[in-house]
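Novice: Letter by letter, the chains look like this.
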Amino acid sequence: DTGVSQNPRHKITKRGQNVTFRCDPISEHNRLYWYRQTLGQGPEFLTYFQNEAQLEKSRLLSDRFSAERPKGSFSTLEIQRTEQGDSAMYLCASSIGSPGRFGYTFGSGTRLTVV
Amino acid sequence: TQLLEQSPQFLSIQEGENLTVYCNSSSVFSSLQWYRQEPGEGPVLLVTVVTGGEVKKLKRLTFQFGDARKDSSLHITAAQPGDTGLYLCAFPPSGNTGKLIFGQGTTLQVKP
Numbered sequence: 001d002t003g004v005s006q007n008p009r010h011k012i013t014k015r016g017q018n019v020t021f022r023c024d025p026i027s028e029h030n031r032l033y034w035y036r037q038t039l040g041q042g043p044e045f046l047t048y049f050q051n052e053a054q055l056e057k058s059r060l061l062s063d064r065f066s067a068e069r070p071k072g073s074f075s076t077l078e079i080q081r082t083e084q085g086d087s088a089m090y091l092c093a094s095s096i097g098s099p100g101r102f103g104y105t106f107g108s109g110t111r112l113t114v115v
Numbered sequence: 001t002q003l004l005e006q007s008p009q010f011l012s013i014q015e016g017e018n019l020t021v022y023c024n025s026s027s028v029f030s031s032l033q034w035y036r037q038e039p040g041e042g043p044v045l046l047v048t049v050v051t052g053g054e055v056k057k058l059k060r061l062t063f064q065f066g067d068a069r070k071d072s073s074l075h076i077t078a079a080q081p082g083d084t085g086l087y088l089c090a091f092p093p094s095g096n097t098g099k100l101i102f103g104q105g106t107t108l109q110v111k112p
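Protein sequences, first through last, are from chains L and D. Letter 16 of the first sequence, counting from 1, is numbered 16 in the working numbering, and no numbers are missing. Letter 64 of the second sequence, counting from 1, is numbered 64 in the working numbering, and no numbers are missing.
Rather than coming from a laboratory, the hints here were simulated on the basis of the structure. No residue lacks a Cβ here, since even glycine has one placed at the ideal position from N, Cα and C. Among the clues, some could well be false.
If you anchor each label on the Cβ, the simulated ranges turn out as follows [what the hints assert, rightly or not]:
{"no.": "1", "chain 1": "L", "residue 1": "N30", "chain 2": "D", "residue 2": "S94", "range": "19 to 29 angstroms"}
{"no.": "2", "chain 1": "L", "residue 1": "Q80", "chain 2": "D", "residue 2": "Q80", "range": "42 to 52 angstroms"}
{"no.": "3", "chain 1": "D", "residue 1": "P39", "chain 2": "L", "residue 2": "I12", "range": "38 to 48 angstroms"}
{"no.": "4", "chain 1": "D", "residue 1": "S12", "chain 2": "L", "residue 2": "Q50", "range": "34 to 44 angstroms"}
Bound-form chain L, shown alone (with noise of 0.2 angstroms):
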């Protein structure tokens, strides 16, 4: 296992369009979550799935923003109609049991910029 992966490294796109990242958490690692960075600042929480189940949805996820994980294992998130805000870096990180306790493994993120 590689850790968690995730794809695109880089997208650049115009405002309006929408756009899809993906993630693959570690395979045995039961919850995954999704979170959004802005340069010098920390990641901010957006939502988590255990296993295929998404529990909780921040309010900084707009009805533009959909996030699945259809069998529990890979996870995607999509922004649709993008807006220059939107540009940060999407990180994805796994866990598995309790993260106060052991913690997340991140990917390396998707960095977006809309222009």
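Based on these hints, arrange chain D on the given structure of chain L.
Specialist: Positioned in the frame of chain L, the structure of chain D alone reads:
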């Protein structure tokens, strides 16, 4: 709402110097973690502290959890350029252990 405050926000030092960064809250943490993030990469877990007063060491890094579990510090001895990065503390909010909340981070630059 539990919030984390990290200080300083930015620190630039010369190689060989010592430094301490802080993570504070007005609320009690059930546990707290420190992560380091290098530019263009995801954060990497350094340590988890659980018990008030706990001290953990990782080579030149010393982590301390406050007695009242409301604060934590990270001390680096003889900093090296490889220590450069964003240092983040994170905790599971009370009543919700399913996720972590992160502070805004301390950006450390170690000049050779």
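Novice: Each hint should be assessed against the structure and marked as holding or not.
Specialist: These are the hints, each one checked on the structure:
1. L:N30 to D:S94: 19 to 29 angstroms: Once the Cβ atoms are compared, 23 angstroms apart, the range 19 to 29 angstroms for S94 (chain D) and N30 (chain L) holds.
2. L:Q80 to D:Q80: 42 to 52 angstroms: For Q80 (chain D) against Q80 (chain L), whose Cβ atoms are near 45 angstroms apart, the range 42 to 52 angstroms holds.
3. D:P39 to L:I12: 38 to 48 angstroms: At 19 angstroms between Cβs, range violated.
4. D:S12 to L:Q50: 34 to 44 angstroms: Once the Cβ atoms are compared, 41 angstroms apart, the range 34 to 44 angstroms for Q50 (chain L) and S12 (chain D) holds.
Hint 3 from the earlier list is the only one contradicted by this structure; the remaining hints agree with it.
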